[in-house]
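K.L.:
Here the protein sequences come in this chain order: C and G. Read in order, the letters of the first sequence are residues 1 to 88 in this note's numbering. Read in order, the letters of the second sequence are residues 89 to 564 in this note's numbering.
Derived by calculation from the structure, the hints in this document are not laboratory data. Since this is a predicted model, take the numbers as computed values, not measurements.
Here are the computed lysine to aspartate or glutamate pairs in the EDC-like style, where the Cα-Cα straight-line distance is at most 20 Å:
#1 C:Lys-4 <-> G:Asp-139
#2 G:Lys-247 <-> C:Glu-32
#3 G:Lys-248 <-> C:Glu-32
#4 G:Lys-380 <-> G:Asp-392
#5 C:Lys-4 <-> G:Glu-137
#6 G:Lys-136 <-> C:Glu-3
#7 G:Lys-168 <-> C:Glu-73
#8 G:Lys-136 <-> C:Glu-73
Some but not every residue of chain G turned toward chain C, in silico, with C-beta under 7 Å:
#9 Gly-232
#10 Ala-233
#11 Leu-237
#12 Val-243
#13 Gly-330
#14 Ile-331
The C-beta atom is built at its ideal place from N, Cα and C for all residues, glycine as well.
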Amino acid sequence: MSEKVITCTLNGVILTAISGQSIAAAMISSGERINRTTRIDGSFRGIFCGIGACFDCLVVVDGVSNQRACITEVRNGMTIQTQRGAGP
Amino acid sequence: MIRSEVIVVGAGPAGMNAALHAANSECEVLLIDNGNRLGGQYWRHMPKERDSLNYSLHYDFAKAVKLRDAVLNHDKITVKSQAQIWSATANDKGVVLHALAPRNLGDLPTEIVFETQHLILATGAYDRALPFPGWNIPGVMTPGAAQSLLKGHGVVAGKKMVIAGTGPFLLPVASSLVEQGVEVVGLFEAHSPKRWVRHLSVLLSNLGKLFEGFHYAWILNRHAVRMKFGYAVVEAHASDAGILTAVTVARIRPDFTILVGSEKRIECDAAAIGWGFTPDTSLAGALGLPQKVDVDGAVVVSVDERQVALANSEMSVHAAGEVTGVGGSVLSLHEGALAGLSCALLRGKITEKQYRDSTKNIYAARLHAEKFARVLKDVYVVPDGWRNWVTPSTLICRCEEVSCGQVDAAVDELGARNSRDVKLFSRVGMGMCQGRVCGRNIAGYLGTDDADRIRNARRPIIAPITLGELAQDPLL
Ligand SMILES: Cc1cc2nc3c(=O)[nH]c(=O)nc-3n(C[C@H](O)[C@H](O)[C@H](O)COP(=O)(O)OP(=O)(O)OC[C@H]3O[C@@H](n4cnc5c(N)ncnc54)[C@H](O)[C@@H]3O)c2cc1C
Ligand code: FES
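Take the sequences, apply the hints, and build the full model.
P.N.:
See the structure below:
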């Protein structure tokens, strides 16, 4: 069996990933470490616990904010955006 | 509403083995997990088409596959993956669980309610992180995060990495990363190996573990990576773009205070730093299960010798695996087996004699694994000296962005005396992770007692449900 390639977008730019990968994994392998800015001092955050416990890796997926990038699988056509503060 | 004779939450080693043992004794079992595949943390893996990588990334993947396939092919076990339990209640007659889950594969998640008289909790643990200046910079993560990126997704967390903290887990993390081509520029264990000296007999009676350790040491040696003992990462540095460029490591004393003047800067693009594990007792707290503070300071579910946490003539809640105290995958497997068989006994599927006969060896094996776990907790203890790594501006609560200085102010100026006061005055622990990351550290920072730690580990809901997620619910 061969690996299936998934195509989605990250901040409007094409992001490719392997089927089954998380958004966080796809972002890291494309060189993107920043998932969001914080609500209070606007500093950057990336993946931290990697298993859905810490809520640091939040991104906006198909317009819905606060999605944990580390436990959300990439899907074809998904639009992913780094989240600013509490999100849209 | 979906009912099942037995429900197991968590499909790691403990939960899978619990489900298998209950089902082998003719119980109808529903196994619920929020992941996409069975395995939990230790046996996290990629889809079948990437099996060759799965085998090379795991020390004992064949064992995982055997258990996973036995569970998947069992006609008495139904598996519900991608289901996050976010609320749970127990009464005299049973347990009700609320999950956010897709009804069919590919669907958007909707709310599903599950009900059972016999619940087995096997929710596992997550890495423990300690605060230090810069621990919130993207690129700093836990060893578990690096491991889950690799085992679950085939992705390395960085090109040039520092791995640090304490505990045996640093070894498999470092060796799997070097094998995948990562340049490990530093591997730092906070404690001295001399701490093993008084436990040599236990080490020698666990040859399997010893060989596993040698296996990792051999891989690291082949890649010329040496573990340095008595060091910790005490600061992380960011580039102008805000991402990790270097860490500062320092020599630390056995009480974890820094030896001033020993600091050294190491360039890296990712750092995996962890201090053992914290059991995930969120569900246990919601269900009102008895909890206690373990020897390592972690709040755990308190169970009897049959893994029962709560029971009456009509219902029971068992707990197994890391949620009853951190002990590794082997101990988790034994505890799971005992919980599954105990459920079968309570359901009248096996007799007391059958229970005794089939558990005799498992009891002995559990005791053996427990002894080893206790030694690990002694060797890799985390003393409170980390409190001198932080500065007033270091965040202690990452979600609500509360600094150590704000916690000091809550204590000194507002008279806060325990975790709850500090929470009310500073919003510490009130963010989305609900104190999972900071709760244990706040108690350590304040130096509070066991009762405070247990109270502080309770969370009103298990996972925050966003309005966005509820809005996706087609039933609303
Ligand atoms: C990130 C990480 C990586 C690890 N890697 C290793 C390793 O490589 N080697 C090693 O020896 N040990 C590793 N460990 C240690 C690990 O804790 C044990 O080895 C072992 O996995 C514990 O088994 P368990 O069955 O108790 O729990 P786990 O394996 O943790 O399984 C618990 C399961 O319950 C699920 N769950 C929890 N809460 C809910 C909920 N509310 N709703 C639905 N599902 C839920 C979790 O998603 C998880 O799948 C790791 C731990 C972590 C946190
Ligand atoms: S990295 Fe912790 S929740 Fe995603």
